[in-house]
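Residue numbers (the numbering used here), protein chains in the order written: chain A, 4 to 282; chain B, 5 to 161.
Hints listed in this document are in silico derivations from the structure and should not be mistaken for laboratory results.
One should not assume that every hint holds.
Stated by the list, open to error - Below, in silico cross-link-like pairs of lysine-lysine (DSBU-like), each with a Cα-Cα straight-line distance of 35 angstroms or less:
(1) B:Lys42 with B:Lys59
(2) A:Lys91 with A:Lys245
(3) A:Lys146 with A:Lys116
(4) A:Lys163 with A:Lys245
(5) A:Lys163 with A:Lys279
(6) A:Lys93 with A:Lys228
(7) A:Lys146 with A:Lys163
(8) A:Lys91 with A:Lys146
(9) A:Lys91 with A:Lys228
(10) A:Lys163 with B:Lys132
(11) A:Lys93 with B:Lys42
(12) B:Lys132 with A:Lys279
(13) B:Lys59 with B:Lys132
(14) B:Lys132 with A:Lys228
(15) A:Lys116 with A:Lys93
(16) A:Lys116 with A:Lys91
(17) A:Lys245 with A:Lys170
(18) A:Lys93 with A:Lys263
(19) B:Lys42 with B:Lys132
(20) A:Lys263 with A:Lys163
(21) B:Lys59 with A:Lys116
(22) A:Lys170 with B:Lys132
(23) B:Lys59 with A:Lys93
(24) A:Lys170 with B:Lys42
(25) B:Lys42 with A:Lys163
Claimed, not checked - Okay, the calculated bits of chain B under chain A, using three or more residues with CB under 8 angstroms as the criterion:
(26) 112-124
(27) 145-152
All C-beta atoms, glycine included, are put in the ideal place defined by N, C-alpha and C.
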Amino acid sequence: MTTEICDPMLPRPYRVLRVRHEIPDTFTLDLAPQDEGDIPSFATGQFNMLYVFGIGEIPISISGDPTRPEPLVHTIRAVGTVSGMMQKLKPADVIGVRGPFGSHWPIEQAEGKDMVIVAGGIGLAPLRSVIYQVLAQRDTYGKVVLIYGARTPEDILYRKECEHWQKQSHLDVSITVDRGTSSWRGSVGLVTKLIPRASFDPSNTIALVCGPEIMMRFSILELEKRGIPAEKIFLSMERNMKCAIGFCGHCQYSGSFVCKDGPVFSYRSVQDLLVKREI
Amino acid sequence: MQTFEALLAEHPFFAGLEPQYLQGIAGFASHIHYDSEKYIFHEGEQAAHFYIIHKGKVALETFGAERGMMTIETIEAGEVLGWSWLFPPYRWHFAARVIEPTSAIVLDGAGLRARGEADHTFGYELVKRVAHIMTQRLQATRLQLLDLYSIRGGEGR
């Protein structure tokens with residue numbers, strides 16, 4: 004059964020199938036349409052508007068596998084009223100979903116090339132769908148490097164999956180934390196420190212970056228030092244998205260709207276804006 | 005087996021250094037290997053050596069009675085360990101504990117300083133390279149102090 008939603012402002016009710024507590028304050032919701040219709044296909048990097056009825060609506064990137072779109076998967080950090088309420092959801096609860104919206108990671112450009120994925124904190128969630136898609140067609144790409152920075156070892160998102168990707172999937176996974184603990188045997192230091200050590204061919208590489216904006220700026224500096232040109236670097240921007248279709252103007256970013264023209268932008272297209280405080 | 009000169013030339017810290025300087029530095033070099041959990045040096049000890057890490061991983065640590073051991077940073081292959089040998093009072097400010105078996109070239113700090121004093125062109129080149137490392141680590145420390153991943157912005161991603 005296929006359900007068509009013509010009005011992009013109209014939320015479609017989805018049932019919570021499962022809630023996974025990933026790390027402190029971060030959780031993953033598996034969702035299915037209450038009408039039992041199909042879940043719209045999505046591209047990596049796109050987001051949905053998730054609506055807790057009577058509370059509010061927030062944009063959340065899809066963190067599931069685009070080659071297996073059911074269930075619909077979102078990883079969310081509880082930082083405010085709406086996400087805080089979402090953390091309390093239980094299986095069978097219902098929320099509204101609009102989407103998917105926005106631009107996607109241009110992984111089609113990475114075919115035959117190396118790919119460097121740089122993520123910080125919750126920024127790994129919008130990139131997990133890229134990793135799933137890459138693993139589904141692993142031979143299509145050259146070296147694939149995941150560089151991930153977290154606050155502490157306890158804050159490493161998808162930790163078991165990261166270990167699995169490293170061991171089983173021909174991904175070069177490097178993780179660092181800002182603050183180590185006595186039991187942590189991995190790297191301690193800023194995520195940017197891992198970029199000079201990573202093994203890839205800068206002349207034939209696509210880089211995807213997602214995390215706090217400051218972290219993205221400094222990571223991109225390191226990627227450029229390695230010789231990756233600005234037009235081969237892509238990042239996911241975060242702004243105050245409300246309508247998700249470019250009408251309301253809340254997420255205006257100079258001449259663009261993050262919800263409609265983004266959230267994924269080429270670094271070339273936004274590099275001058277990233278250092279302007281007024282935008 | 006590669007000569008010290010060749011090994012130093014391959015290391016990013018010495019990239020592009022004039023061959024005659026590499027030759028001079030090689031005179032102060034010896035190989036060293038540490039197993040996991042060994043301490044290369046402890047806080048407060050005399051800083052007599054400069055370590056060029058070729059393989060492995062070392063944690064820079066400090067200790068507080070109320071917080072126990074804290075890792076400040078890890079130093080890995082392609083990096084250098086220690087700059088306290090270059091500046092008075094030549095004492096280590098932190099401890100260095102081996103996390104993964106580590107192979108390094110160890111350089112005699114007093115010898116390097118004496119050579120730098122005798123040949124200021126060499127000395128300036130050495131200090132520039134150490135200063136570059138210090139700048140990188142200062143910038144990284146500033147960003148770590150911002151605690152980027154805990155910033156509470158708007159909801160959603």
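Right, here's what the structure says about each hint:
no., hint, result
1, B:Lys42 with B:Lys59, "holds, 15 angstroms"
2, A:Lys91 with A:Lys245, "holds, 22 angstroms"
3, A:Lys146 with A:Lys116, "holds, 7 angstroms"
4, A:Lys163 with A:Lys245, "holds, 34 angstroms"
5, A:Lys163 with A:Lys279, "violated, 38 angstroms"
6, A:Lys93 with A:Lys228, "violated, 47 angstroms"
7, A:Lys146 with A:Lys163, "holds, 21 angstroms"
8, A:Lys91 with A:Lys146, "violated, 40 angstroms"
9, A:Lys91 with A:Lys228, "violated, 44 angstroms"
10, A:Lys163 with B:Lys132, "violated, 42 angstroms"
11, A:Lys93 with B:Lys42, "violated, 49 angstroms"
12, B:Lys132 with A:Lys279, "holds, 32 angstroms"
13, B:Lys59 with B:Lys132, "holds, 24 angstroms"
14, B:Lys132 with A:Lys228, "holds, 19 angstroms"
15, A:Lys116 with A:Lys93, "violated, 42 angstroms"
16, A:Lys116 with A:Lys91, "violated, 42 angstroms"
17, A:Lys245 with A:Lys170, "violated, 40 angstroms"
18, A:Lys93 with A:Lys263, "holds, 31 angstroms"
19, B:Lys42 with B:Lys132, "holds, 31 angstroms"
20, A:Lys263 with A:Lys163, "holds, 33 angstroms"
21, B:Lys59 with A:Lys116, "holds, 28 angstroms"
22, A:Lys170 with B:Lys132, "violated, 40 angstroms"
23, B:Lys59 with A:Lys93, "violated, 48 angstroms"
24, A:Lys170 with B:Lys42, "holds, 28 angstroms"
25, B:Lys42 with A:Lys163, "holds, 29 angstroms"
26, 112-124, "violated (count 0)"
27, 145-152, "holds (count 5)"
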